[in-house]
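Peer 1: Below are the chains, spelled out letter by letter.
Protein chains: 4
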Amino acid sequence: MSTTDSETDGATAAAGSCHGAEPQGDPQAVTNHDLGIHGYAHQKDAHIKRLRRIEGQIRGLQRMLEEDVYCIDILTQVSASTKGLQSFGLQLLEEHLRHCVADAAVKGPEAIDEKVKEATRAIERMLRT
Amino acid sequence: MSTTDSETDGATAAAGSCHGAEPQGDPQAVTNHDLGIHGYAHQKDAHIKRLRRIEGQIRGLQRMLEEDVYCIDILTQVSASTKGLQSFGLQLLEEHLRHCVADAAVKGPEAIDEKVKEATRAIERMLRT
Amino acid sequence: MSTTDSETDGATAAAGSCHGAEPQGDPQAVTNHDLGIHGYAHQKDAHIKRLRRIEGQIRGLQRMLEEDVYCIDILTQVSASTKGLQSFGLQLLEEHLRHCVADAAVKGPEAIDEKVKEATRAIERMLRT
Amino acid sequence: MSTTDSETDGATAAAGSCHGAEPQGDPQAVTNHDLGIHGYAHQKDAHIKRLRRIEGQIRGLQRMLEEDVYCIDILTQVSASTKGLQSFGLQLLEEHLRHCVADAAVKGPEAIDEKVKEATRAIERMLRT
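Chains as they are written, first to last, in this note's numbering: chain A, -9 to 119; chain B, -9 to 119; chain C, -9 to 119; chain D, -9 to 119.
Just so you know, not all the hints are guaranteed correct.
Since the list can't tell identical chains apart, any single copy or any two copies may satisfy a pair.
[As the list claims (entries may be wrong)] Mimicking DSS-like on lysine-lysine, the simulated pairs with C-alpha atoms at most 25 Å apart in a straight line are:
{"#": "1", "residue 1": "K73", "residue 2": "K97"}
{"#": "2", "residue 1": "K39", "residue 2": "K107"}
{"#": "3", "residue 1": "K97", "residue 2": "K39"}
{"#": "4", "residue 1": "K73", "residue 2": "K39"}
{"#": "5", "residue 1": "K73", "residue 2": "K34"}
{"#": "6", "residue 1": "K97", "residue 2": "K107"}
Think of the hints as simulated: they come from the structure by calculation, not from any bench.
Given the sequences, and given the hints that come with them, work out the whole structure.
Peer 2: See the structure below:
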């Protein structure tokens, strides 16, 4: 993660950022995620580029069907696209853990409990596909 | 390829089809897949429609990133798209087993052995994603 | 599917065997699987040995918990055992496809349709874990 | 989480516990995990009980092979056991995130970075099975 610049300006830099939390009374508890900066913010362009590549793979699959490519070769491409999506999800999750869950840890036990439950449900959904 | 006509008029309609096999000397062993008709032929339009929907989901993911949607909500959509792809792959595999593997079974033990190995490797790739 | 001719020449022995089918009136249609010989029969000892190794890994996990091993190291072992189980399932499936599905192909389109549906549901269950 | 007893004795009770970290100079940074208490400590008995059930399922699989049970029925049981193992791993991971990763967040950006990378690799291994 090359978040060096944004990290230099705040005491809560370590906590990173997350979305969906309300600003709290204690100014020391105001973190990037209170400002609406997401865990994936610094990587947004790279993420979108990655998704465009996956989108291209899905279009490639449609062409393969049109051109009557052999089933097994199509299945290989399906697995490659699935892997690409899973891998993208994993990176998003890593950034979420680094920023949002860490953020919650600074705020207190209730906040972390909620965020960890939420992240675990997301991991479960990734595993069940 | 539109195999609709061939579905109505021939004894081999039930056997479906597969790709990549060479016509053999014995006329009784000539099946649709020798004619280059694939297992997924009858469902081609439905498959392409399905892939277009997944393509739309991938574009939706890009919009979510642009609009700074919460990481966990993006992950939920990633899992939905992954599931859609896996499910598409599973249907393709079912048609492949029904047509190509069944076709091979008619041809003899060497043919079935090769096709089953190939299908198992494809299932393994699906499991490893 | 024109499987009638290939059924008459005794070549169906190669198709191996499968379980659950009732012997039929036509003696030429009696295959190993009608005799209650399963797809995995020839590998039974190797399979049981493999499962014993996985059983040992599960006991190893219990010891790791008792000995307060670090969570991540336990998770690594959990993944190894899961992979071992999946891999065992995949081998069983390959033998099933080779013997039972091939067997069904020799019997006719209805038989293969039923077996392929059944196998696909099993693959789906493997994917959903 | 019923961590009441062990939580009563420390200011950092909320952070939970983790293994493998060295006690640091700053007394305020001493957490349960510095004391060698793991994320899964409070659930240890439940975890071992759960693994014993999975061990029983693996033995059940061996019996099914011995008794020549139909391949597909064995595969169903393989999937159930795999699911049980994945589910156990997921619970372990949740506890790890709640205690160890939260612990690291309190310690600082380098600690959290290391723990999040480690947890992500573990999740990746779970996904790749």
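Peer 1: Evaluate each hint against the coordinates.
Peer 2: Against the structure, the hints:
For a Cα distance limit of 25 Å, the shortest separation of K73 from K97 qualifies neither inside one copy, at 35 Å, nor across copies, at 34 Å. In this assembly of identical chains, K39 and K107 lie within 25 Å of each other by CA distance solely across copies; the values are 23 Å between and 30 Å within a copy. In the homo-oligomer, the alpha carbons of K97 and K39 never lie at most 25 Å apart, since the shortest distance is 34 Å inside one protomer and 34 Å across protomers. Taking identical chains as interchangeable, the C-alpha atoms of K73 and K39 lie at most 25 Å apart whether they share a chain (16 Å) or sit on different chains (22 Å).
Taking the shortest Cα distances, K73 and K34 sit within 25 Å of each other both inside one copy (20 Å) and across copies (24 Å). In this assembly of identical chains, K97 and K107 lie within 25 Å of each other by CA distance both inside one copy and across copies; the values are 16 Å within and 22 Å between.
Of the numbered hints given earlier, the model fails hints 1 and 3; all others are met.
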